[in-house]
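Using the sequences plus the hints, can you model the full thing?
The sequence shown begins at 1 in the working numbering and counts up one residue at a time.
Everything labelled a hint here was simulated from the structure, so no lab data went into it.
Here the structure is a predicted model, which means the values were calculated and not measured.
Hints are supplied without guarantee of correctness; some may be wrong.
If you anchor each label on the Cβ, the simulated ranges turn out as follows [what the hints assert, rightly or not]: (1) 150 with 23: 31 to 41 angstroms; (2) 99 with 51: 24 to 34 angstroms; (3) 23 with 88: 16 to 26 angstroms; (4) 79 with 207: 45 to 55 angstroms; (5) 19 with 53: 20 to 30 angstroms; (6) 25 with 51: 29 to 39 angstroms; (7) 194 with 86: 40 to 50 angstroms; (8) 110 with 209: 57 to 67 angstroms; (9) 178 with 110: 55 to 65 angstroms; (10) 19 with 217: 50 to 60 angstroms; (11) 207 with 91: 41 to 51 angstroms; (12) 204 with 86: 31 to 41 angstroms.
In the DSSO-like style, the derived pairs of lysine-lysine whose C-alpha atoms are separated by at most 30 angstroms in a straight line are [stated by the list, open to error]: (13) 83 with 64; (14) 211 with 154; (15) 154 with 181; (16) 106 with 23; (17) 83 with 111; (18) 83 with 106; (19) 23 with 111; (20) 106 with 64; (21) 111 with 147; (22) 211 with 147; (23) 64 with 111; (24) 64 with 23.
Built from N, CA and C at the ideal position, the CB exists for glycine as well.
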Amino acid sequence: MTGRTSRAQSGWKHDSPPDRAWKGRPGRTRAVIAAEQDRAAGGRHRRSVALGEGRFARASVELKVLPDTRRIRAYLRWSDGGKSPARYLGQVEHETRSANLAEGWKAAWEKGLLTEEPPAEGSWASSPSVRAVMRANRSKDTRPELKLRSLLHKQGLRYRVAARPLPELRRTADLIFSRPKVAVFVDGCFWHGCPEHLRKSHKNAEFWRSKIEGNQARDAETDRLLQEAGWTVVRVWEHEAPDAAAARVISAVRASSADPHESEQSVSNMKR
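In structure tokens, the structure reads:
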């Protein structure tokens with residue numbers, strides 16, 4: 001058996017893998033690097049290594065190419081008291097860095113190197129995955145809000161963001177149009193109990209049922225109080241088509257304005 005044949009059978013490649021399969025883009029910030037690892041791992045809560053005595057460290061998958069084999073190798077690394085332990089996870093052969101990182105995280109779980117860090121004491125979340133969902137549900141500047149605001153702004157409407165329609169009432173609307181007295185709320189499907197998309201939790205079911213029903217009761221009370229004060233309330237589900245939601249808001253704003261014809265024209269423009 002020749003030396004060349006021996007090398008080929010042990011995984012030797014004539015060409016090195018392309019940079020896109022293992023190298024990260026230069027100049028990335030720490031936040032970008034962390035987000036990349038979170039995506040590959042399936043969430044930040046799935047990146048924990050147990051250090052013992054209730055301590056945990058957040059790990060990362062590192063990709064390297066060895067000159068002698070020209071294969072991509074994946075390693076799990078973390079920090080522990082100034083040291084940086086590493087564990088070899090295996091070779092990866094996908095064409096993109098993201099796929100190889102995901103393969104590395106999968107191998108780390110299969111080797112039993114990772115654990116889900118338990119929720120902090122007193123946390124409402126019954127598991128790390130539930131806690132991650134709760135953290136992901138932003139209360140301000142969500143994607144549906146930003147898209148709706150962009151469409152309304154393009155139609156020439158001006159509004160205030162995250163403001164109280166009634167200063168004495170501790171209820172904040174996502175958008176308010178002060179002169180026509182229109183308050184817009186963009187409701188998340190989970191927290192406000194969307195009839196189409198709410199998935200009931202099997203853990204702490206009674207707690208979550210009570211929590212969501214409480215939010216719904218508060219929404220109904222808010223609508224009543226604002227309507228009694230002469231406000232028009234528009235509620236938009238986060239799953240609604242942005243154009244349709246914007247058309248509803250425009251219709252409500254123009255209906256409360258002095259020129260009804262202007263309302264009809266704006267809504268017509270949205271439908272084109």
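Status of the hints after comparison with the structure:
1. Between residue 150 and residue 23 the Cβ separation comes to about 35 angstroms, which falls inside the hinted range of 31 to 41 angstroms.
2. The supplied range of 24 to 34 angstroms is met by residue 99 and residue 51, whose beta-carbon atoms lie about 29 angstroms from each other.
3. Roughly 19 angstroms separates the CB atoms of residue 23 and residue 88, a value that falls within the hinted 16 to 26 angstroms.
4. A hinted range of 45 to 55 angstroms is violated for the C-beta pair residue 79 and residue 207, which are about 35 angstroms apart.
5. Distance hint check: the CB atoms of residue 19 and residue 53 are about 41 angstroms apart, inconsistent with the given range 20 to 30 angstroms.
6. A C-beta distance of roughly 31 angstroms is found between residue 25 and residue 51, which places it inside the suggested range of 29 to 39 angstroms.
7. Hint check: residue 194 to residue 86, Cβ distance near 45 angstroms, so the stated range 40 to 50 angstroms holds.
8. For the pair residue 110 and residue 209, the supplied restraint of 57 to 67 angstroms is violated, since their beta-carbon distance comes to about 36 angstroms.
9. Against the hinted window of 55 to 65 angstroms, the Cβ-Cβ separation of residue 178 and residue 110 comes to about 58 angstroms, which satisfies the hint.
10. Under the hint 50 to 60 angstroms, the C-beta atoms of residue 19 and residue 217, about 56 angstroms apart, fit the expected range.
11. One distance hint, 41 to 51 angstroms for the beta-carbon pair residue 207 and residue 91, holds here, with the actual separation near 45 angstroms.
12. The beta-carbon spacing between residue 204 and residue 86, approximately 38 angstroms, falls within the hinted interval of 31 to 41 angstroms.
13. For the suggested pair residue 83 and residue 64, the alpha carbons sit about 20 angstroms apart, so the restraint of at most 30 angstroms is met.
14. Among the hinted pairs, residue 211 with residue 154 is inconsistent with the structure: their alpha-carbon atoms are about 37 angstroms apart, more than 30 angstroms.
15. Taking the CA atoms of residue 154 and residue 181, the gap is about 20 angstroms. The hint holds against a cut of 30 angstroms.
16. Our distance criterion of 30 angstroms between C-alpha atoms is met by residue 106 and residue 23, whose separation comes to about 19 angstroms.
17. For the given pair, residue 83 sits about 21 angstroms from residue 111 by alpha-carbon distance, which is consistent with the 30 angstroms threshold.
18. Restraint check for residue 83 and residue 106: the C-alpha separation of about 24 angstroms stays at or below 30 angstroms, so the hint holds.
19. Only pairs whose Cα atoms come within 30 angstroms are accepted, and residue 23 paired with residue 111 is accepted, the gap being roughly 24 angstroms.
20. Under the criterion of a C-alpha separation no larger than 30 angstroms, the hint pairing residue 106 with residue 64 is consistent with the structure, at around 17 angstroms.
21. About 43 angstroms separates the Cα atoms of residue 111 and residue 147, which puts this hinted pair outside 30 angstroms; it is violated.
22. Distance check on the hinted pair: residue 211 and residue 147 sit about 28 angstroms apart at the alpha-carbon level, within 30 angstroms; holds.
23. Simply put, residue 64 and residue 111 have alpha-carbon atoms about 19 angstroms apart, close enough for the 30 angstroms limit, and the pair holds.
24. Only pairs whose Cα atoms come within 30 angstroms are accepted, and residue 64 paired with residue 23 is accepted, the gap being roughly 8 angstroms.
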